[in-house]
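K.L.:
As you go down the protein sequences, you meet chains Z and X in turn.
Going letter by letter, the first sequence gives residues 1 to 417 in our numbering.
Going letter by letter, the second sequence gives residues 1 to 417 in our numbering.
Treat the hints with caution; some may be incorrect.
Since copy identity is lost for identical chains, a pair holds within one copy or between any two.
[As the list claims (entries may be wrong)] Using 27 Å as the maximum straight-line C-alpha spacing, the simulated DSSO-like pairs for lysine-lysine come out as follows:
{"#": "1", "residue 1": "Lys-35", "residue 2": "Lys-225"}
{"#": "2", "residue 1": "Lys-360", "residue 2": "Lys-414"}
{"#": "3", "residue 1": "Lys-170", "residue 2": "Lys-222"}
{"#": "4", "residue 1": "Lys-35", "residue 2": "Lys-414"}
{"#": "5", "residue 1": "Lys-202", "residue 2": "Lys-414"}
{"#": "6", "residue 1": "Lys-35", "residue 2": "Lys-222"}
{"#": "7", "residue 1": "Lys-170", "residue 2": "Lys-414"}
{"#": "8", "residue 1": "Lys-209", "residue 2": "Lys-360"}
{"#": "9", "residue 1": "Lys-414", "residue 2": "Lys-83"}
{"#": "10", "residue 1": "Lys-414", "residue 2": "Lys-292"}
{"#": "11", "residue 1": "Lys-241", "residue 2": "Lys-275"}
{"#": "12", "residue 1": "Lys-360", "residue 2": "Lys-198"}
{"#": "13", "residue 1": "Lys-198", "residue 2": "Lys-414"}
{"#": "14", "residue 1": "Lys-83", "residue 2": "Lys-209"}
{"#": "15", "residue 1": "Lys-225", "residue 2": "Lys-170"}
{"#": "16", "residue 1": "Lys-209", "residue 2": "Lys-198"}
{"#": "17", "residue 1": "Lys-209", "residue 2": "Lys-225"}
{"#": "18", "residue 1": "Lys-241", "residue 2": "Lys-360"}
Hints listed in this document are in silico derivations from the structure and should not be mistaken for laboratory results.
There are 2 protein chains.
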Amino acid sequence: MNGRKEHNGGGSLHNIILVVLDGLGDRPCGELGGKTPLQAAFRPNLNSLMRNGQGGLLSPIAPGIRAGSDTSHLSLLGYDPQKFYTGRGPFEAMGLGMEVRGGDIAFRANFGTRDASGIITDRRAGRLSLGNDELARSLNMEIDGVRFMVKEGVEHRAALVMRGEGLSDKITDSDPHETGRAPHDVAPLSSEAEFTAKVLNKFLRVSRKVLDEHPVNVQRRKNGKPQGNELLLRGPGMVPKLTSFEEQHGMRAACVSAIPMISGIGGLLGMAVVKPEGATGTLESNFVSKLKEAARLSREYDFVLVNVKATDVAGHDGDALAKKNAIERIDEALGEMIRSLASETVLAVTGDHATPCSLKDHSGDPVPVVFSAPGILPDAAIFFDEFSAAAGMWRIRGLDVMNILKQMAGRSEKYGA
Amino acid sequence: MNGRKEHNGGGSLHNIILVVLDGLGDRPCGELGGKTPLQAAFRPNLNSLMRNGQGGLLSPIAPGIRAGSDTSHLSLLGYDPQKFYTGRGPFEAMGLGMEVRGGDIAFRANFGTRDASGIITDRRAGRLSLGNDELARSLNMEIDGVRFMVKEGVEHRAALVMRGEGLSDKITDSDPHETGRAPHDVAPLSSEAEFTAKVLNKFLRVSRKVLDEHPVNVQRRKNGKPQGNELLLRGPGMVPKLTSFEEQHGMRAACVSAIPMISGIGGLLGMAVVKPEGATGTLESNFVSKLKEAARLSREYDFVLVNVKATDVAGHDGDALAKKNAIERIDEALGEMIRSLASETVLAVTGDHATPCSLKDHSGDPVPVVFSAPGILPDAAIFFDEFSAAAGMWRIRGLDVMNILKQMAGRSEKYGA
Chain Z
1 MNGRKEHNGG
11 GSLHNIILVV
21 LDGLGDRPCG
31 ELGGKTPLQA
41 AFRPNLNSLM
51 RNGQGGLLSP
61 IAPGIRAGSD
71 TSHLSLLGYD
81 PQKFYTGRGP
91 FEAMGLGMEV
101 RGGDIAFRAN
111 FGTRDASGII
121 TDRRAGRLSL
131 GNDELARSLN
141 MEIDGVRFMV
151 KEGVEHRAAL
161 VMRGEGLSDK
171 ITDSDPHETG
181 RAPHDVAPLS
191 SEAEFTAKVL
201 NKFLRVSRKV
211 LDEHPVNVQR
221 RKNGKPQGNE
231 LLLRGPGMVP
241 KLTSFEEQHG
251 MRAACVSAIP
261 MISGIGGLLG
271 MAVVKPEGAT
281 GTLESNFVSK
291 LKEAARLSRE
301 YDFVLVNVKA
311 TDVAGHDGDA
321 LAKKNAIERI
331 DEALGEMIRS
341 LASETVLAVT
351 GDHATPCSLK
361 DHSGDPVPVV
371 FSAPGILPDA
381 AIFFDEFSAA
391 AGMWRIRGLD
401 VMNILKQMAG
411 RSEKYGA
Chain X
1 MNGRKEHNGG
11 GSLHNIILVV
21 LDGLGDRPCG
31 ELGGKTPLQA
41 AFRPNLNSLM
51 RNGQGGLLSP
61 IAPGIRAGSD
71 TSHLSLLGYD
81 PQKFYTGRGP
91 FEAMGLGMEV
101 RGGDIAFRAN
111 FGTRDASGII
121 TDRRAGRLSL
131 GNDELARSLN
141 MEIDGVRFMV
151 KEGVEHRAAL
161 VMRGEGLSDK
171 ITDSDPHETG
181 RAPHDVAPLS
191 SEAEFTAKVL
201 NKFLRVSRKV
211 LDEHPVNVQR
221 RKNGKPQGNE
231 LLLRGPGMVP
241 KLTSFEEQHG
251 MRAACVSAIP
261 MISGIGGLLG
271 MAVVKPEGAT
281 GTLESNFVSK
291 LKEAARLSRE
301 YDFVLVNVKA
311 TDVAGHDGDA
321 LAKKNAIERI
331 DEALGEMIRS
341 LASETVLAVT
351 GDHATPCSLK
361 DHSGDPVPVV
371 FSAPGILPDA
381 AIFFDEFSAA
391 AGMWRIRGLD
401 VMNILKQMAG
411 RSEKYGA
């Protein structure tokens, strides 16, 4: 499975599973008597990992930085977001399930309403929802050798991806960012972007005609509803050209995720992307099937990333009890997974950021992390939660995780002699 | 008071107070039975903060680096000294209370003694003290559009600030750094500094004449004392052009300090600089008035920095008992401050470096830090001192402090989605 020479003085190479419980970290919750959902949860398997392994606190980017899932997963996989995170456009597009490639230009987009005089009267087209997929599809076209791909998101939201030679993301928004004004022509911010701006303005002119005549908008006009007849573009970014995970780390890798953005990052890194049956990215997701699939894949691949989204969903909902319950079900599924692993598998469990129920959003708090690997020295931490993890030996950043995992798996090159 | 949009999912924005106890950290002191002054001090308020908050150890720059107050305060305020610290000249000038601006060129200076043949016979002019202010004042002049400002320090010490268009700090010292030699003409180290060197050499020629004829020196000649008739320049640096604190962090800020250098940094960052009545920067300083003023300002400003110098003074004096007593009085004043704070204020207390009494100088030891904020999870640390803080969750650098404070105050931008 792995063609590279053995490291660590010829010791055996172990395979690795990295389980990321999305938005795992939390703060004291009133409903849980001042405990965090992790502290309140029955979590024998997570605690057993901590008792027998090494733990600590992880800042996904750096202490205090409020990470997004995109920047955090890049870090956890060993790709410095300060170098490779090119803005939200590309990751939003991936989040909508668009298959993007290094060099593509991606925008966040809204369907907005443009009146007869060309003025934007509603930047969200009345939050149109029905038919947004048809509107998006109608804008897929090719102009001057550049492919334009649009995909709808929730309500008026969408993303645009441009693919072709010689494109640049050094261009302005078409979104005027307020009503009562006409959409802007996009403008190049440097000479290398002149072609991009020109072809994109052509696309916008064509798209206005297509959208004005689209049956969905004809119907909305009839019903007196705001049309979705202007694609407002903002936040352009070039999809980063990333070294494949295999080239970067010397491991063939799989990504188990029900979340398009995480799957998108996996795809961009050349990982095998797997969405197991019943894995939905919701609180009702089938954690057992997801983690069992990870165990199965860990015999076939050197490295497996698993993202479990339910914890983040509960955090954004501010539902501490649901988060606690999700953790208990994940813990049970983790137990099943661990029992089916090859005995020498290296395993880490952590979060990509905290999503405290009290905030209903990401915070910059550190998250607990645990490493389990054959032969390592356990530390003093014996429970897996935000408080107890501080008794562990590690205070690390997301970018440290792959280095620690690889050395525990006997897969590190020596730095020096 | 704060015009920016609210972060953390619309949670409320809290105001922040950062209390820096200068030179706080210490090592075991014989006079205190082997305890540090912090360990020996009755400090119920600091301990209460630690018990209810999050703590740990802070390396102002990086582990083991012996920080100055200047580099440390830059770090603590979120400005990387590796990028912005341009040498001692500018900060010495600020330390003497000179108002400097980004782009000014500042030197450390000595009044030295030049004999009739032009040779430096004493680099410190017999540590002249009386009249050094008059000598300094006599050198304020304008040449070729460049303003020269000189201010005296302790004994023979002084600083020179040059202000004008097109100046550069890429020039050599005029100080020969040993007696028995003539002062150097300053020389440009790059072509951009040619004008600076030329106008500065002009200034030095004029200044020799002014100083030779100055009544203070005439009198010293009469009394057979070494004259202060040569301004010896070394350590040039351009005052850094720093993004204002408000632009950098999105907070209107005040700086409470009795120390010119700290006030100078605050001024350079556009903070409102306040020196409360009775605040002297000495062991006899009025801590209550200083910290009460900080509490008052925290209702008017989003962020308040307070520097308390007494701990550093006692450390430099090697007086462990005085340091312990200062800490006890500061703790009492902190208690009064805390009682008068808005309930949701975010508060951190730390040092800018250690000044162990056994060394009478700064060391590279880490210093304890504590964060208190609404809704955060307390950690295992329950006492505020160099030993006990290690039970806390944090191991951080100065540059992390603002990120942690802002996220606790609900004032962080998310990095990613």
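K.L.:
Against each hint, give a clear statement of whether it holds in the structure.
P.N.:
Hint check:
1. Lys-35 - Lys-225: So Lys-35 and Lys-225 fail the 27 Å test inside a copy (47 Å) and across (74 Å) alike.
2. Lys-360 - Lys-414: The answer is between: 13 Å across copies meets 27 Å, while 43 Å in one copy does not.
3. Lys-170 - Lys-222: neither (39 Å within a copy, 72 Å between copies)
4. Lys-35 - Lys-414: Answer is between: at 25 Å across copies they meet the 27 Å cutoff, but 42 Å inside does not.
5. Lys-202 - Lys-414: Intra 53 Å, inter 34 Å, cutoff 27 Å: neither.
6. Lys-35 - Lys-222: For Lys-35 and Lys-222, neither the intra-copy (54 Å) nor the inter-copy (80 Å) Cα distance is at most 27 Å.
7. Lys-170 - Lys-414: Answer is between: at 23 Å across copies they meet the 27 Å cutoff, but 40 Å inside does not.
8. Lys-209 - Lys-360: neither (40 Å within a copy, 71 Å between copies)
9. Lys-414 - Lys-83: both (24 Å within a copy, 17 Å between copies)
10. Lys-414 - Lys-292: Answer is neither; intra-copy 33 Å and inter-copy 33 Å both fail.
11. Lys-241 - Lys-275: within (24 Å within a copy, 51 Å between copies)
12. Lys-360 - Lys-198: For Lys-360 and Lys-198, the Cα distance exceeds 27 Å both inside one copy (41 Å) and across copies (62 Å).
13. Lys-198 - Lys-414: neither (50 Å within a copy, 33 Å between copies)
14. Lys-83 - Lys-209: Answer is neither: 39 Å inside a copy and 51 Å across each miss the 27 Å cutoff.
15. Lys-225 - Lys-170: neither (35 Å within a copy, 66 Å between copies)
16. Lys-209 - Lys-198: within (17 Å within a copy, 67 Å between copies)
17. Lys-209 - Lys-225: within (18 Å within a copy, 85 Å between copies)
18. Lys-241 - Lys-360: For Lys-241 and Lys-360, the Cα distance exceeds 27 Å both inside one copy (33 Å) and across copies (39 Å).
In summary, the structure is inconsistent with hints 1, 3, 5, 6, 8, 10, 12, 13, 14, 15, 18 from the numbered list given earlier, while agreeing with the others.
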